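Chemist: Spelled out from the first residue to the last, the chains are:
Number of protein chains: 2
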Amino acid sequence: MEMWFTEKQTENVGITCKTEKTLYMETTQYQEIALIQTLQFGRMLVLDGTVQTTENDEFIYHEMITHVPLFTHPFPKNILVVGGGDGGAVREIVKHPSVQKVTLVEIDGKVIEVSKNFLPTISCALENPKVEVLVEDGIQYVKKHKNKFDVILIDSTDPIGAAVGLFSKEFYKAIYESLKEDGLFVAQTESPFFNKELISKVYQDIKIIFPITKLYLCAIPTYPSGFWSFTMGSKKYDPLKIDENKIINIDTKYYTREIHKSAFSLPKFVKDLLK
Amino acid sequence: MEMWFTEKQTENVGITCKTEKTLYMETTQYQEIALIQTLQFGRMLVLDGTVQTTENDEFIYHEMITHVPLFTHPFPKNILVVGGGDGGAVREIVKHPSVQKVTLVEIDGKVIEVSKNFLPTISCALENPKVEVLVEDGIQYVKKHKNKFDVILIDSTDPIGAAVGLFSKEFYKAIYESLKEDGLFVAQTESPFFNKELISKVYQDIKIIFPITKLYLCAIPTYPSGFWSFTMGSKKYDPLKIDENKIINIDTKYYTREIHKSAFSLPKFVKDLLK
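Line by line, the protein sequences are chains A and B. Each residue of the first sequence is one higher than the last, beginning at 17 in the working numbering. Each residue of the second sequence is one higher than the last, beginning at 17 in the working numbering.
Read the hints as simulated data drawn from the structure, not as lab findings. Owing to the predicted nature of the structure, the values given are computational and were not obtained by experimental measurement. It cannot be assumed that every hint is accurate.
Given that identical chains are not distinguished, each listed pair holds provided it fits within a single copy or across any two copies.
To be verified - In silico SDA-like pairs for lysine to any residue, Cα to Cα no more than 25 angstroms straight-line:
(1) 277 to 288
(2) 269 to 220
(3) 34 to 21
(4) 257 to 192
(5) 251 to 94
Chain A with its partners taken away, still in its complex shape:
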């Protein structure tokens, strides 16, 4: 018998993956969590039927949400991750020698637990002594902490349910206040094919608040359309005006010095979304 897991990425298109077995499934107060063994992508974390991360392609998302902002800031010490309970972003952050403290604020403690149990190659840095893991509402956490962080990463699920507030202008204002005077942040901002309106809106919202706003892209096979965007808001540092010599050799599989800049070269139809 063959078992296939299908995610409907929109009403009209989906990705379907052959599975070996379902390793875990539970419904928490926030969402349905599933951990599936797939043949193509290894183990896959699925929240409310939506692929969050897989062992085989997670490196792209986690490197790109982390190293682009962390190499844009000349000396990132104090980092906040909102969401990202799988630990992939944290694993990349602690590769930066300047980092002294990482705070991960994940609303659903079960995501952390499941990732620790089933995704050791992704969650491996959650026990690092520099890392503090908090199970609470990221929006409230950001509102309570002012002028504290060098870099904030919004490593959220899609803008449905608990994550809706993470895509609001009000939240971007709170992030601005939670950053130090030269701080910057990055949010994952969905597919430039399937989420055009969201990207336009988020970009304009961030642009009103931050002096420097830039969108960048990468290719991620298991995410809708395979093409993914991140939007950066920065108080002082421009990701395209960095000293490239500061991009030290860290162990990556996607990110390089060249990719840092070329990720901001936008296809014409994406550029047009930001006008």
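Given the coordinates of chain A, work out where chain B should sit on it, guided by the hints.
Modeler: Relative to the frame of chain A, chain B by itself:
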């Protein structure tokens, strides 16, 4: 009743699209041709169950297989397209004012006929007076014509069935001889996630024959993994050393002057395939 068309992109992963109706289906001596109306991507041309092109995302593939080589050559006049019976590459080629003649050699005349009937926005330039359309074997055609073309595009299906020979070293040697002394060619070379061995082999084969060999990438939602490669072999001109002022304004939705260069910035895991 809902109808979904699923392409198994590998044995273990597929894309599935909701369909409105099947507009055409026929088995020729070469392949099974289907033309499906999908809700997400508009009309879709499917050969042997494999998505070839869709109305909504074809612009990416066709712009990238065309404008990167045509803007690498300073004065491309005589162009050959092998495959590409849908006409999308031809539509982009005739946007270049220097082009005097385009020869399209497609092995399956039915692909041309179906594209003319059902994909007018893609096939629209096939009747252009600069364009000659031949229904014959592209490999034999290339072998018969020496020292003739400025640019050759290998716009092939996957390396299965009739298209296998289009990925062979012997064919790349024939292309070398079919090009003028400053000619160059580009071939579509599959997904850097799912076709790693093919990419490595093709790159090495071309590198032995051509003094300049470069791989470039773009994001295409309906192609396996959403991430696609092209490999260029060039006798004289380097795509990264072009005079950018020669990149004139043509009507594109993906390709830009910036994209021309950034498409050659490879993620580390892709760079490693070429060693």
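Chemist: Run every hint past the structure and note whether it holds.
Modeler: Do the hints match the structure? See the list:
{"no.": "1", "hint": "277 to 288", "verdict": "both (19 angstroms within a copy, 19 angstroms between copies)"}
{"no.": "2", "hint": "269 to 220", "verdict": "between (32 angstroms within a copy, 21 angstroms between copies)"}
{"no.": "3", "hint": "34 to 21", "verdict": "both (6 angstroms within a copy, 16 angstroms between copies)"}
{"no.": "4", "hint": "257 to 192", "verdict": "within (21 angstroms within a copy, 41 angstroms between copies)"}
{"no.": "5", "hint": "251 to 94", "verdict": "within (16 angstroms within a copy, 51 angstroms between copies)"}
Against the hints set out earlier in the document, no violation occurs for any number.
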